[in-house]
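Asks: Sequence:
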Amino acid sequence: MPAVIGVGFLLVPLMALVVRAPWGAMRALLTGHEVLTALRLSLECATAATAVSIVLGVPLAWVLARVRLPGIGLLRAAVTLPLVLPPVVGGLALLLALGRNGIVGQYLDRWLGVTLPFTTPGVVIAEAFVAMPFLVVTVEGALRSADRGLEEAAATLGASRITIFRRVTLPLILPSLLAGAVLCWARALGEFGATLTFAGNYPGTTQTMPLAVYNAIQTDPQAAIALSLVLLTVAVVILVALRERWLRGGLGSGGAV
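Under this note's numbering, the residues of the sequence shown are numbered 724 to 980, in order.
Bear in mind the hints are in silico, worked out from the structure with no lab data behind them. Remember, predicted model here, so these are calculated numbers, not experimental data. Among these hints, one or two may not hold up.
Pairwise CB distance ranges, derived in the manner of DEER restraints [claimed, not checked]:
1. Val827 x Pro926: 36 to 42 Å
2. His756 x Thr886: 47 to 53 Å
3. Arg789 x Gly927: 23 to 29 Å
4. Arg890 x Leu766: 53 to 59 Å
5. Val960 x Pro926: 25 to 31 Å
6. Gly881 x Gln829: 29 to 35 Å
7. Gly836 x Glu875: 31 to 37 Å
All C-beta atoms, glycine included, are put in the ideal place defined by N, C-alpha and C.
Construct the entire structure; sequences and hints are all you get.
Replies: Next comes the structure, spelled out in structure tokens:
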């Protein structure tokens, strides 16, 4: 009985979105200029945040998985902290670090004339901050479970570290890398708190889909439901795309959350 209640607790709210959706007006609601702008911005920023996460996160995952140094456990805890940190707190931390008067942002503004808060690049940074740990944890687990013998064999044949990583390690971890990238992209697409705090809520510039839902709740609840269904559909597609890996325990064995 508790299991049935638990399933209902998780699924009934999602079913309510589907039941109460304004299906007849869905097309009109989703083709408005503001909605399409928010959707475009969300897709672009989530994709850019995922690219940033791959460039920075894969080397970081390699360090966490392969380097044995004092304090590596503390570094791992720090890297995964955004997974449990309230997003609003993360946004405030970014503001204090990269804002105009932030400990780093003041120099970006003074020396380079770069201002990140309340801009589209600020959205990308906020999303990457909260989403990159998903990729790092997934790839780190894959690197830990990868067959080191193949890498050692390539090293004995004279291959450089870069060649070994590109031609041996990367193909081994590619499925987990793709899974981590998809999870990272989905998390970035749904990011709200850090984006609102660090980048604001300006239509056409920083207003992503979750922020558009927040605005619509106050002015047009039917539009809010329609927008929420779009995000729900994306989440379902992600789950379906990764279902085989979950059924095989691939993400679990690969270290994903």
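Asks: Each hint needs a verdict: does it hold in this structure or not?
Replies: Here's how the hints hold up against the structure:
A hinted range of 36 to 42 Å for the beta carbons of valine 827 and proline 926 is inconsistent with their spacing of about 28 Å. A beta carbon spacing of about 50 Å between histidine 756 and threonine 886 agrees with the range 47 to 53 Å that was offered as a hint. Distance hint for arginine 789 and glycine 927: a CB-CB separation of about 44 Å, inconsistent with the stated range 23 to 29 Å. Separation of arginine 890 from leucine 766 is about 32 Å and departs from the stated range, judged on CB atoms against 53 to 59 Å.
Range check, valine 960 to proline 926: about 26 Å between beta-carbon atoms, so the 25 to 31 Å window is met. Between glycine 881 and glutamine 829 the beta carbon distance is about 48 Å. The supplied range of 29 to 35 Å is therefore violated. Checked against the given bound of 31 to 37 Å, the beta carbons of glycine 836 and glutamate 875, roughly 49 Å apart, lie outside it.
In this structure, the earlier hints numbered 1, 3, 4, 6, 7 are contradicted, and the remaining ones agree with it.
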